[in-house]
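K.L.:
In case you want the letters, here they are:
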Amino acid sequence: QVQLVESGGGVVQPGTSLRLSCVTSGLRFNTYGMHWVRQAPGKGLEWVAVLWYDGTREHYADSVKGRFTISRDNSKNTLYLQMDSLKSEDTAVYYCATERTAVELDYWGQGTLVTVSS
Amino acid sequence: QAGLTQPPSVSKDFRQTATLTCTGNNNNVGDQGAVWLQQNQGHPPKVLSYKNNKRPSGISERFSASRSGNTASLTITGLQPEDESDYYCSAWDSSLNVWVFGGGTKLTVL
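Protein chains in written order, with my numbering: chain A, 1123 to 1240; chain B, 916 to 1025.
Just so you know, the hints here were simulated from the structure itself, not pulled from any lab data. One or more hints might be untrue.
[As the list claims (entries may be wrong)] Lysine-lysine pairs mimicking DSS-like chemistry, simulated, CA-CA at most 30 Å apart: (1) B:Lys1021 - A:Lys1209; (2) B:Lys1021 - B:Lys927; (3) B:Lys961 - A:Lys1165; (4) B:Lys961 - A:Lys1187; (5) A:Lys1165 - B:Lys927; (6) B:Lys927 - B:Lys961; (7) A:Lys1165 - B:Lys969; (8) B:Lys1021 - A:Lys1165.
Just chain B, same shape as in the assembly:
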């Protein structure tokens, strides 16, 4: 089962904006969108955005998700040191009946 494609690493300056991408196909991201998760070292993942691009309560407005075709994006504005983390996308594949994950993007805040 092929996973979703994420860039392995992204580096951006403090207080700048980072956009993380996640590319799938018509059966997963293009069909229903993607979930975005943040994972800090030694901790379980935390959901940042659901497939409908809505944020859970308590998640900062600096995190926003969107989708264009088969590519989902997570935009983080006003980067803070605490945003330095691993970010994963995930989607339901309606053709294969499986969930697929991206390989993750390590975000570095310079």
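Only chain A is shown next, with the shape it has when bound in the complex:
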């Protein structure tokens, strides 16, 4: 049974940092590309970043480029999102999701809420 569990969310002030984690189980983590997708309260889904299965390629949405860093530890089956210089518009539920060739956005976690507020 595949499980993705996000953690690390919370309430932080603008300009500060936060690191999210996504611990996976029940899948061969090192064969999956991994995404972060967020959803602001009452809004639609917004893609944040993707990291290739082997960590060789990463891409970011313009809205977070230069502030957020996606990484992974395949030995721990864990995906991370380092979020720096947080803004109020980063307030959202952050989901991690998996991808393989021809099987995109297949598994999702339950999400972790990040609230950026002074």
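Chain B: place on chain A using the hints.
P.N.:
Frame of chain A; chain B shown alone:
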């Protein structure tokens, strides 16, 4: 990064057929197709169809995806009350190297 275009809402009668659309461009939907996701309030999204229009195991045959040019479509036949949900499309943009989402369509089953 411009997103994909979806109608904000669609309403159809019980047991009828709904077709949801998702319009992009040559670099995203027109290039590789779109993923379709369903999201119920308070829950994470669930994938209904991959870019190749194939359904994951466990997804009802009432859900079928297709593509014509730069527009992807999700057709839901025999609408049921439980189909009332938010539906999103998403695609990889090979020019910008980003994933893009549509704004979502709220489907109401009357």
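K.L.:
With the threshold set at 30 Å, check whether the alpha-carbon distance from Lys961 (chain B) to Lys1187 (chain A) stays at or below it.
P.N.:
holds, 27 Å
K.L.:
For Lys927 (chain B) and Lys961 (chain B), compute the direct alpha-carbon distance and say whether it is at most 30 Å.
P.N.:
holds, 21 Å
K.L.:
Quickly compare the C-alpha distance for Lys1165 (chain A) and Lys927 (chain B) to 30 Å and report which way the hint goes.
P.N.:
Distance ~23 Å between Lys1165 (chain A) and Lys927 (chain B) Cα, so the pair holds.
K.L.:
For the pair supplied as a hint, Lys1021 (chain B) and Lys1209 (chain A), confirm whether the alpha-carbon distance does not exceed 30 Å.
P.N.:
Distance of about 28 Å is within 30 Å: holds.
K.L.:
CA of Lys961 (chain B) to CA of Lys1165 (chain A), is that 30 Å or under?
P.N.:
holds, 17 Å
K.L.:
Check whether the Cα positions of Lys1021 (chain B) and Lys927 (chain B) lie no farther apart than 30 Å.
P.N.:
Roughly 11 Å between the alpha carbons, so the hint for Lys1021 (chain B) and Lys927 (chain B) holds.
K.L.:
With the threshold set at 30 Å, check whether the alpha-carbon distance from Lys1021 (chain B) to Lys1165 (chain A) stays at or below it.
P.N.:
holds, 12 Å
K.L.:
Check whether the Cα positions of Lys1165 (chain A) and Lys969 (chain B) lie no farther apart than 30 Å.
P.N.:
holds, 27 Å
When the structure is compared with the earlier hints, no violation turns up for any of them.
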